[in-house]
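Asker: Each chain, letter by letter, is given below.
Protein chains: 2
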Amino acid sequence: MRERLPRKEKFSEWYNELLLRTEIVDVRYPSKGLCVWYPFGFSLRRRIYSILRSLLDVDHQEVLFPLLIPENEFMKESEHIKGFEEEVYWVTKGGSTPLEMPLALRPTSETAIYPMLQLWIRSHVDLPLKIYQIVNTFRYETKHTRPLIRVREITSFKEAHTAHATWAEAEEQVKAALKLYSEFFRRLAIPHVITKRPDWDKFPGADYSMAVDTLMPDGKTLQIGTVHHLGTNFAETFDVRYEDPEGEQRYVNQTCYGISERCVAAVIAVHGDDRGLVLPPEIAPTQIIIIPIVSKGKDALGACKRILDMLKDVYRVVLDNSQERPGAKYYKWEMKGVPLRVEIGPRDMERGEVTLVRRDTFERETVAISKLNDAIEDKLGAIHANLYERARQSFDSRIVDCKTLDEAKTAIRKGMAKISWCGEEECGLCMEDRTGGDILGELAKTKRGECPICGKKTDKVVLMARAY
Amino acid sequence: MRERLPRKEKFSEWYNELLLRTEIVDVRYPSKGLCVWYPFGFSLRRRIYSILRSLLDVDHQEVLFPLLIPENEFMKESEHIKGFEEEVYWVTKGGSTPLEMPLALRPTSETAIYPMLQLWIRSHVDLPLKIYQIVNTFRYETKHTRPLIRVREITSFKEAHTAHATWAEAEEQVKAALKLYSEFFRRLAIPHVITKRPDWDKFPGADYSMAVDTLMPDGKTLQIGTVHHLGTNFAETFDVRYEDPEGEQRYVNQTCYGISERCVAAVIAVHGDDRGLVLPPEIAPTQIIIIPIVSKGKDALGACKRILDMLKDVYRVVLDNSQERPGAKYYKWEMKGVPLRVEIGPRDMERGEVTLVRRDTFERETVAISKLNDAIEDKLGAIHANLYERARQSFDSRIVDCKTLDEAKTAIRKGMAKISWCGEEECGLCMEDRTGGDILGELAKTKRGECPICGKKTDKVVLMARAY
Numbered sequence: 001m002r003e004r005l006p007r008k009e010k011f012s013e014w015y016n017e018l019l020l021r022t023e024i025v026d027v028r029y030p031s032k033g034l035c036v037w038y039p040f041g042f043s044l045r046r047r048i049y050s051i052l053r054s055l056l057d058v059d060h061q062e063v064l065f066p067l068l069i070p071e072n073e074f075m076k077e078s079e080h081i082k083g084f085e086e087e088v089y090w091v092t093k094g095g096s097t098p099l100e101m102p103l104a105l106r107p108t109s110e111t112a113i114y115p116m117l118q119l120w121i122r123s124h125v126d127l128p129l130k131i132y133q134i135v136n137t138f139r140y141e142t143k144h145t146r147p148l149i150r151v152r153e154i155t156s157f158k159e160a161h162t163a164h165a166t167w168a169e170a171e172e173q174v175k176a177a178l179k180l181y182s183e184f185f186r187r188l189a190i191p192h193v194i195t196k197r198p199d200w201d202k203f204p205g206a207d208y209s210m211a212v213d214t215l216m217p218d219g220k221t222l223q224i225g226t227v228h229h230l231g232t233n234f235a236e237t238f239d240v241r242y243e244d245p246e247g248e249q250r251y252v253n254q255t256c257y258g259i260s261e262r263c264v265a266a267v268i269a270v271h272g273d274d275r276g277l278v279l280p281p282e283i284a285p286t287q288i289i290i291i292p293i294v295s296k297g298k299d300a301l302g303a304c305k306r307i308l309d310m311l312k313d314v315y316r317v318v319l320d321n322s323q324e325r326p327g328a329k330y331y332k333w334e335m336k337g338v339p340l341r342v343e344i345g346p347r348d349m350e351r352g353e354v355t356l357v358r359r360d361t362f363e364r365e366t367v368a369i370s371k372l373n374d375a376i377e378d379k380l381g382a383i384h385a386n387l388y389e390r391a392r393q394s395f396d397s398r399i400v401d402c403k404t405l406d407e408a409k410t411a412i413r414k415g416m417a418k419i420s421w422c423g424e425e426e427c428g429l430c431m432e433d434r435t436g437g438d439i440l441g442e443l444a445k446t447k448r449g450e451c452p453i454c455g456k457k458t459d460k461v462v463l464m465a466r467a468y
Numbered sequence: 001m002r003e004r005l006p007r008k009e010k011f012s013e014w015y016n017e018l019l020l021r022t023e024i025v026d027v028r029y030p031s032k033g034l035c036v037w038y039p040f041g042f043s044l045r046r047r048i049y050s051i052l053r054s055l056l057d058v059d060h061q062e063v064l065f066p067l068l069i070p071e072n073e074f075m076k077e078s079e080h081i082k083g084f085e086e087e088v089y090w091v092t093k094g095g096s097t098p099l100e101m102p103l104a105l106r107p108t109s110e111t112a113i114y115p116m117l118q119l120w121i122r123s124h125v126d127l128p129l130k131i132y133q134i135v136n137t138f139r140y141e142t143k144h145t146r147p148l149i150r151v152r153e154i155t156s157f158k159e160a161h162t163a164h165a166t167w168a169e170a171e172e173q174v175k176a177a178l179k180l181y182s183e184f185f186r187r188l189a190i191p192h193v194i195t196k197r198p199d200w201d202k203f204p205g206a207d208y209s210m211a212v213d214t215l216m217p218d219g220k221t222l223q224i225g226t227v228h229h230l231g232t233n234f235a236e237t238f239d240v241r242y243e244d245p246e247g248e249q250r251y252v253n254q255t256c257y258g259i260s261e262r263c264v265a266a267v268i269a270v271h272g273d274d275r276g277l278v279l280p281p282e283i284a285p286t287q288i289i290i291i292p293i294v295s296k297g298k299d300a301l302g303a304c305k306r307i308l309d310m311l312k313d314v315y316r317v318v319l320d321n322s323q324e325r326p327g328a329k330y331y332k333w334e335m336k337g338v339p340l341r342v343e344i345g346p347r348d349m350e351r352g353e354v355t356l357v358r359r360d361t362f363e364r365e366t367v368a369i370s371k372l373n374d375a376i377e378d379k380l381g382a383i384h385a386n387l388y389e390r391a392r393q394s395f396d397s398r399i400v401d402c403k404t405l406d407e408a409k410t411a412i413r414k415g416m417a418k419i420s421w422c423g424e425e426e427c428g429l430c431m432e433d434r435t436g437g438d439i440l441g442e443l444a445k446t447k448r449g450e451c452p453i454c455g456k457k458t459d460k461v462v463l464m465a466r467a468y
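From first to last, the protein sequence lines are chains A and B. The first sequence begins at 1 in the working numbering and counts up one residue at a time. The second sequence begins at 1 in the working numbering and counts up one residue at a time.
There could be a bad hint or two in this list.
Which copy? The list can't say, so a pair holds if one copy fits it or any two copies do.
[What the hints assert, rightly or not] The calculated lysine-lysine pairs, modelled on DSS-like cross-linking and capped at a C-alpha distance of 30 Å, are:
#: 1; residue 1: Lys409; residue 2: Lys298
#: 2; residue 1: Lys10; residue 2: Lys332
#: 3; residue 1: Lys93; residue 2: Lys32
#: 4; residue 1: Lys457; residue 2: Lys414
#: 5; residue 1: Lys93; residue 2: Lys76
#: 6; residue 1: Lys82; residue 2: Lys93
#: 7; residue 1: Lys457; residue 2: Lys93
#: 8; residue 1: Lys93; residue 2: Lys312
#: 9; residue 1: Lys418; residue 2: Lys456
#: 10; residue 1: Lys312; residue 2: Lys143
#: 11; residue 1: Lys409; residue 2: Lys371
#: 12; residue 1: Lys329; residue 2: Lys196
#: 13; residue 1: Lys329; residue 2: Lys130
#: 14; residue 1: Lys312; residue 2: Lys179
#: 15; residue 1: Lys332; residue 2: Lys76
#: 16; residue 1: Lys130; residue 2: Lys312
#: 17; residue 1: Lys143; residue 2: Lys414
#: 18; residue 1: Lys143; residue 2: Lys196
#: 19; residue 1: Lys130; residue 2: Lys32
#: 20; residue 1: Lys179; residue 2: Lys460
For the record, the hints were derived by calculation from the structure and aren't laboratory data.
Work the whole structure out from these sequences, hints included.
Answerer: Right under this line is the structure:
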């Protein structure tokens with residue numbers, strides 16, 4: 001039980017072992033690529049998604065569409081289906097009866113939702129329309145699967161879909177969605193970068209795709225959010241029109257944007273350390289653990305209970321009153337990522353004090369009980385700020401300005417390479433080929449330089465990396 | 001738009017029209033038996049399920065298991081599979097590749113969860129284990145489908161699963177679950193009755209099944225919750241054992257219990273009236289609607305906004321500031337089931353008063369603004385109590401004590417027949433045959449009588465009805 005966690009530098013082993021040991025997800029389900037959320041993992045997921053919900057609820061409405069998409073609807077948008085056809089699970093039988101119309105398990109819900117938007121949208125007064133749902137979606141992954149990162153059932157796909165009168169308004173929504181996602185990841189203390197995906201990597205059926213990426217400890221990037229401008233492509237296929245104020249029928253312009261349980265993977269991978277999880281206080285299932293210290297045969301259990309009562313209305317706090325030794329308790333709750341530990345012994349009590357220990361820095365501080373509430377509030381705030389700052393420094397230090405493909409090839413061993421690109425697909429694919437990395441996408445900030453392949457002058461700067 | 005809702009006595013038409021018009025679910029999705037939750041419907045669902053969650057969270061832990069169940073696991077429990085085999089959807093293809101092992105879409109999750117419990121449960125200290133999940137489940141219904149009542153995707157199945165050391169402890173859990181369900185339906189003001197299902201109607205693989213039923217306006221019963229004692233049946237199939245304190249390996253005893261979106265259907269059908277939805281205040285997406293009244297060209301919009309500000313931190317309150325006439329606004333918000341209407345005109349303002357109108361009784365009352373907060377709290381409480389009392393009276397009046405099958409046949413046209421039964425399956429099926437109704441199940445209270453078929457003396461009393 002007390003065997004050491006693999007060190008975080010062996011990222012893959014560390015990650016898999018941590019998920020199981022802290023009971024995030026159980027990968028032992030008897031079918032490849034499908035995982036079970038343990039109670040602890042689910043509780044973490046619930047808190048993360050409730051932040052996401054609260055941000056969306058400001059101006060989106062939550063809905064729920066069916067999982068099953070009839071084949072004829074699914075096949076309507078030709079670009080879209082080309083992007084997904086090898087990954088779709090098909091239901092072909094009900095009981096022992098073959099279905100007349102096969103049903104796709106949604107890989108994403110454009111083709112389930114947009115036939116209904118045709119019924120819901122009539123006039124310009126129905127626009128903009130902004131809806132979202134949090135659902136399970138499916139991809140028949142043939143590559144190596146990895147819990148929360150590459151799975152066959154994405155259990156927690158938040159997908160938003162919006163419709164607007166004009167292309168420009170839809171573009172404004174793309175920006176608003178990116179801002180919302182940045183705020184979401186800020187709340188999770190996850191540093192991230194936003195790029196415009198190259199054309200060959202955009203969402204099937206989109207005009208263009210934006211993506212949010214973070215960096216994993218092994219230097220590979222993880223795409224943790226995408227925002228797509230769909231133009232009128234789907235509207236034309238599904239005939240989603242509105243009457244404008246002049247009485248003209250026009251196609252709506254659409255966007256869609258999604259976040260999956262990769263956001264949970266990012267929290268675990270970015271903040272965790274050799275002792276286990278390190279969780280930002282806002283999402284930690286337990287925020288404070290109280291540990292009674294025994295000294296000279298005396299304990300301070302009564303005092304611990306009073307402190308528990310004092311804190312429990314404001315914080316998620318647990319008193320570990322078990323028979324284990326303090327060291328074993330520290331080990332257990334550090335593994336679970338509890339942000340703050342309160343140690344209370346008989347001597348502390350005599351002095352009217354307790355000891356606070358931070359999970360992120362292991363700093364200890366003695367605090368008077370009369371000042372405990374303020375001290376805890378400060379510490380929890382400081383923990384979030386430190387987690388974000390620490391992660392940001394590590395993130396920034398792994399983005400390297402490169403002039404040549406050799407420099408880029410070196411940079412992407414540990415992180416991302418920032419490099420010029422002329423914008424031609426041929427050159428881009430050649431850059432990928434020569435470095436062994438992917439072009440994540442184009443940055444909004446431009447910089448004068450030369451394409452490393454054709455030598456053409458360009459303002460475009462892209463990020464390259466090895467991606468999950 | 002202002003066309004009248006069909007009268008509630010034409011229940012089926014009224015129900016379907018109301019669901020669409022108030023935007024609960026949209027049945028126009030292009031595949032039979034699959035519905036879309038509109039934003040308003042989803043908001044109602046969210047509130048109802050958050051009550052259910054809060055009741056369960058007291059001593060259950062929320063988890064999430066995969067949707068897809070490999071055929072070999074699904075086929076292990078022979079009774080269970082017999083009960084479901086004609087209703088299961090099968091995924092047989094990934095992309096264009098036939099799957100080596102077909103995957104069932106869960107009709108319920110015993111066969112997904114119990115192989116994992118084998119890994120999670122080791123010792124008596126791991127017991128009792130109480131988990132639940134809220135998920136989508138699937139039944140290939142060939143009968144007539146009906147939104148929220150008989151559907152192919154049950155979008156909101158709350159299923160709990162527990163494991164215990166002994167049969168008796170599992171039986172205690174059955175009782176605890178029924179108590180929890182009763183509390184849940186009390187919060188929804190839904191009268192209900194609990195019976196023990198006859199053997200031929202129990203859950204496939206259970207020792208016995210308990211069920212919670214309510215009465216629909218057309219006199220048919222709706223099963224809105226079930227609780228099953230599984231004994232060691234599944235534990236033996238899936239080898240779920242624990243080590244008891246003496247070191248012996250024993251099979252666990254299990255229970256499972258479920259509630260679906262039929263609880264939403266019950267709220268709509270039981271409380272609604274000819275003007276539309278009538279919602280208990282706790283779950284109403286909007287609890288209070290403020291309507292400004294114009295008199296002699298003056299309005300009281302400023303006052304309305306002050307009242308809105310005064311109430312909005314405590315209640316879900318909306319000010320309808322649109323250009324429609326008050327009558328149109330009343331119609332609209334009555335249809336949506338808003339429990340309380342606040343009307344404010346210039347004359348009310350001069351007097352420092354407002355008018356409150358209850359949705360359940362249409363009673364009007366003038367209240368001083370200084371006493372508004374208390375008055376609203378009282379009214380909302382009274383509305384819940386009245387909805388429950390009114391529904392209970394209607395419910396009770398439709399349960400009729402019967403001595404003969406002829407009496408029962410008459411009683412089940414409008415509700416439930418209470419009648420003696422010897423307990424023999426042959427007699428029971430004969431009773432069903434002769435009345436055209438189902439034996440819902442046995443009541444806990446006994447009463448001396450005679451079986452209407454064989455004439456044998458018996459203490460058993462059953463409820464018979466036509467069931468959805």
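Asker: With reference to the structure, classify each hint as holding or not holding.
Answerer: Results of checking the hints against the structure:
no., hint, in the structure
1, Lys409 x Lys298, "neither (61 Å within a copy, 74 Å between copies)"
2, Lys10 x Lys332, "within (21 Å within a copy, 61 Å between copies)"
3, Lys93 x Lys32, "both (22 Å within a copy, 15 Å between copies)"
4, Lys457 x Lys414, "within (28 Å within a copy, 83 Å between copies)"
5, Lys93 x Lys76, "both (22 Å within a copy, 20 Å between copies)"
6, Lys82 x Lys93, "both (24 Å within a copy, 17 Å between copies)"
7, Lys457 x Lys93, "neither (58 Å within a copy, 49 Å between copies)"
8, Lys93 x Lys312, "neither (52 Å within a copy, 51 Å between copies)"
9, Lys418 x Lys456, "within (17 Å within a copy, 89 Å between copies)"
10, Lys312 x Lys143, "neither (46 Å within a copy, 51 Å between copies)"
11, Lys409 x Lys371, "neither (53 Å within a copy, 73 Å between copies)"
12, Lys329 x Lys196, "neither (47 Å within a copy, 46 Å between copies)"
13, Lys329 x Lys130, "between (47 Å within a copy, 25 Å between copies)"
14, Lys312 x Lys179, "between (34 Å within a copy, 28 Å between copies)"
15, Lys332 x Lys76, "neither (53 Å within a copy, 37 Å between copies)"
16, Lys130 x Lys312, "between (38 Å within a copy, 24 Å between copies)"
17, Lys143 x Lys414, "within (23 Å within a copy, 59 Å between copies)"
18, Lys143 x Lys196, "within (25 Å within a copy, 49 Å between copies)"
19, Lys130 x Lys32, "between (35 Å within a copy, 26 Å between copies)"
20, Lys179 x Lys460, "within (22 Å within a copy, 65 Å between copies)"
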